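Student: Please put together the full structure from these sequences, using the hints given.
Read in order, the letters of the sequence shown correspond to residues 11 to 268 in the numbering used here.
No lab work stands behind these hints, which were simulated from the structure alone.
In this text, all values refer to a predicted model and were calculated from it rather than measured experimentally.
Be careful, since some hints might not be right.
With a cut-off of at most 25 Å between alpha-carbon atoms, the simulated BS3-like pairs for lysine-lysine come out as follows [what the hints assert, rightly or not]:
hint : residue 1 : residue 2
1    : Lys194    : Lys166
2    : Lys166    : Lys246
3    : Lys204    : Lys216
4    : Lys241    : Lys204
5    : Lys241    : Lys166
6    : Lys213    : Lys166
7    : Lys213    : Lys246
8    : Lys246    : Lys204
9    : Lys31     : Lys246
10   : Lys194    : Lys213
11   : Lys240    : Lys213
12   : Lys194    : Lys204
13   : Lys197    : Lys241
14   : Lys166    : Lys204
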Amino acid sequence: QDSLRSCIARGMLDQARMSLKDLGKVEFQNTRGAGLNALGLGATDATVAESSEAEKWLAANPGKGRVLLTSRETPAGLAVLSHKNVAAELQTKIARWATAPEGVLPGQPALAAASADGEQKLVYLASLGIHTPDALDGVTRVSAEDVAKLIAGNEKPALVDTRSAQEFNNETIQGAISAPYGEKSLKERDYDAKLDDLSAIGKLDKPKPTVFFCNGPECWKSYKAAEQAKKMGFAKVYWLRSGMPEWRAKNLPVRKQG
Numbered sequence: 011q012d013s014l015r016s017c018i019a020r021g022m023l024d025q026a027r028m029s030l031k032d033l034g035k036v037e038f039q040n041t042r043g044a045g046l047n048a049l050g051l052g053a054t055d056a057t058v059a060e061s062s063e064a065e066k067w068l069a070a071n072p073g074k075g076r077v078l079l080t081s082r083e084t085p086a087g088l089a090v091l092s093h094k095n096v097a098a099e100l101q102t103k104i105a106r107w108a109t110a111p112e113g114v115l116p117g118q119p120a121l122a123a124a125s126a127d128g129e130q131k132l133v134y135l136a137s138l139g140i141h142t143p144d145a146l147d148g149v150t151r152v153s154a155e156d157v158a159k160l161i162a163g164n165e166k167p168a169l170v171d172t173r174s175a176q177e178f179n180n181e182t183i184q185g186a187i188s189a190p191y192g193e194k195s196l197k198e199r200d201y202d203a204k205l206d207d208l209s210a211i212g213k214l215d216k217p218k219p220t221v222f223f224c225n226g227p228e229c230w231k232s233y234k235a236a237e238q239a240k241k242m243g244f245a246k247v248y249w250l251r252s253g254m255p256e257w258r259a260k261n262l263p264v265r266k267q268g
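Tutor: Here it is as structure tokens:
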């Protein structure tokens, strides 16, 4: 369950807005090629395989299958082993390793990314586990420029910072209001909203167009807030997935403490 293949497959499912819960039955095998053999025998409907293995199998078994999803290139020979409670910590470490100076992985002198391309593969691998989905049903995803146009236009949306009050006080989008999302649920598409504190979101003006934002694609607070706001009956919901990082990068107006 903790192999690189499983990690990548779960990430691709999440990006496709699916999860293991959407599948009827899932089995994990530790024998190389077992999934493809099962596919050929009709014992399973889908499996995970390296691209070269899949292409070879498809050529030898014409008409018996097709490729559903394909990941980008990832580091060869890397396995991710983790206990479920420390998965997020490992993902953070992978991301830190991927951006280490000259490709050297901190604390792991025997492991190194041979090139910038190798580093980008590690960044991609880490992103499969920590980034929010690309889209959200019933919610309009917007860029920083889109939000700037909305502010300058007739809609005059409410800009809602879902980060902590401390983060909001230190720096936020000019004109934004604070409505911290009390996140206790897991950072995944099938999160349990009943674990979260939605009181700040519930106090917002539902008829007013609303833009939710936080700290970028790896921050789930605005994703969850936007989804819950839609379920609460907000008239028009926008999601600035790129959040504060893109807003700063585009040199758009911010309010800083002091």
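Student: Work down the list of hints and note, for each, if the structure agrees.
Tutor: Hint by hint, here is what the structure shows:
no. : hint               : result
1   : Lys194 with Lys166 : 31 Å, violated
2   : Lys166 with Lys246 : 12 Å, holds
3   : Lys204 with Lys216 : 20 Å, holds
4   : Lys241 with Lys204 : 13 Å, holds
5   : Lys241 with Lys166 : 22 Å, holds
6   : Lys213 with Lys166 : 18 Å, holds
7   : Lys213 with Lys246 : 16 Å, holds
8   : Lys246 with Lys204 : 23 Å, holds
9   : Lys31 with Lys246  : 30 Å, violated
10  : Lys194 with Lys213 : 19 Å, holds
11  : Lys240 with Lys213 : 14 Å, holds
12  : Lys194 with Lys204 : 9 Å, holds
13  : Lys197 with Lys241 : 19 Å, holds
14  : Lys166 with Lys204 : 31 Å, violated
Hints 1, 9 and 14 from the list above are not met by this structure, while the remaining hints are.
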